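The C-terminal position of the sequence shown is numbered 335 in full-length UniProt numbering, with every residue numbered one higher than the one before it.
For the record, the hints were derived by calculation from the structure and aren't laboratory data. Please read all numbers here as calculations on a predicted model, not as lab measurements. Using N, Cα and C, we set each Cβ at its ideal position, and we do this for glycine too. Do not rely on the hints blindly, as some may be mistaken.
[As the list claims (entries may be wrong)] Label-pair restraints from in silico Cβ distances:
#, residue 1, residue 2, range
1, Gly-244, Gly-141, 46 to 56 Å
2, Glu-194, Asp-332, 22 to 32 Å
3, Leu-110, Pro-302, 12 to 22 Å
4, Asp-332, Glu-57, 17 to 27 Å
5, Arg-319, Glu-245, 42 to 52 Å
6, Val-139, Ser-212, 17 to 27 Å
7, Glu-194, Val-139, 36 to 46 Å
8, Tyr-140, Tyr-241, 14 to 24 Å
9, Thr-73, Asp-94, 20 to 30 Å
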Amino acid sequence: MDEHGPGADDGSTADDRRTTRRRTLEGAAGIAAAGTIGGTGSVGADQRQTQRDDDLEDEPLVDAHCHLIPEETLGREPLSADDLVAWMDDNGIDRAVVLALDSPESYPVLASSPWILEQVEPYPERLLPFCTIDPRTLVYGEDAAEELLERYVERGARGFGELKAGVAIDDSRAERIYELGAEHELPILFHTDEKAMMDEVGLPRLEDVVASFPEVDFLAHAHGWWAHVATDVEEADLGDYPDGEIDEPGRVPELLERYDNLYGDLSGISGWNALTRDPAFGQVFLEAHSEQLIFGTDYIYPGQAVPQLELFDRFDLDRSAREAIRYRNLEDVLR
1 MDEHGPGADD
11 GSTADDRRTT
21 RRRTLEGAAG
31 IAAAGTIGGT
41 GSVGADQRQT
51 QRDDDLEDEP
61 LVDAHCHLIP
71 EETLGREPLS
81 ADDLVAWMDD
91 NGIDRAVVLA
101 LDSPESYPVL
111 ASSPWILEQV
121 EPYPERLLPF
131 CTIDPRTLVY
141 GEDAAEELLE
151 RYVERGARGF
161 GELKAGVAID
171 DSRAERIYEL
181 GAEHELPILF
191 HTDEKAMMDE
201 VGLPRLEDVV
211 ASFPEVDFLA
221 HAHGWWAHVA
231 TDVEEADLGD
241 YPDGEIDEPG
251 RVPELLERYD
261 NLYGDLSGIS
271 GWNALTRDPA
281 FGQVFLEAHS
291 EQLIFGTDYI
301 YPGQAVPQLE
311 LFDRFDLDRS
321 AREAIRYRNL
331 EDVLR
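Whenever a hint applies, use it, and build me the whole structure from the sequences.
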């Protein structure tokens, strides 16, 4: 992807900007949160808040991570396209990506790609369907997966996801999926934790995948990814929500600096936890990597609490950074 952030037109190189981001993050690590975010009390601060509130009303907001669920499960009501759009209207969300779920690891009730594509048809201006294929489908041959994907794209799929299958992220069958994504110019949103698209502490397999498929835009989501916002990651953290201040930036900032085809999906508890476990660090992280972070909620059932709706009130970002996270980065990667 092209660089869009400050400095893109001032003669600085990508390496220069990455060095600046790294130094900024290192300087922010361990800073006390008090007084850094949400400060009030001065006339200037009040004026800035009023201006920001006005700006937010004018800026589009696109949710990169939503679901539809066909029936009740886990004590949760189903979620229809009508329900989702009504919730979007209530919360100022203009458009939303709707992800398919077709792996047993993904959710107790599956939401197949054909079903998702059918459900979103009444809302072509609001809902952006993604499709997915479990890599284990290749047991029926590569042609079977390729034919499915071609059919989904013809029906309007704008991307691939949620890829949440019980295989390693660099499994050869998953790599064939990445090849198909490249052929069809589809961004791929994946969920990595201790049960799906697995990796080791340090994300060596993920890095190999991102480096091996530079033509694919990868949207990284869930515990295994967001635990690595810090360096002190243990194996148990790959399926958990680590807490505490961040003393040193981890693999997430490092990989975002290194690969411009990698993005962070801010949805879910894991995404919110990565930003708020150390709010001062979260502020600087958002500023430094705004061109590779994408707003999302992981809304999956009616009445769900969604802290990401507070993101742009909680963190003080300039307009360029907000617009990148709110909609521009996703627009850049969609087919």
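Consistency of the hints with the structure:
1. Gly-244 to Gly-141: 46 to 56 Å: holds, 48 Å
2. Glu-194 to Asp-332: 22 to 32 Å: holds, 31 Å
3. Leu-110 to Pro-302: 12 to 22 Å: Given a distance of about 19 Å, which is inside 12 to 22 Å, the answer is holds.
4. Asp-332 to Glu-57: 17 to 27 Å: Distance hint for Asp-332, Glu-57 holds at roughly 23 Å.
5. Arg-319 to Glu-245: 42 to 52 Å: violated, 29 Å
6. Val-139 to Ser-212: 17 to 27 Å: holds, 23 Å
7. Glu-194 to Val-139: 36 to 46 Å: violated, 24 Å
8. Tyr-140 to Tyr-241: 14 to 24 Å: violated, 37 Å
9. Thr-73 to Asp-94: 20 to 30 Å: Roughly 29 Å apart at Cβ, these two residues keep to the hinted range, so it holds.
Hint compliance for this structure: hints 5, 7 and 8 are broken, all remaining hints hold.
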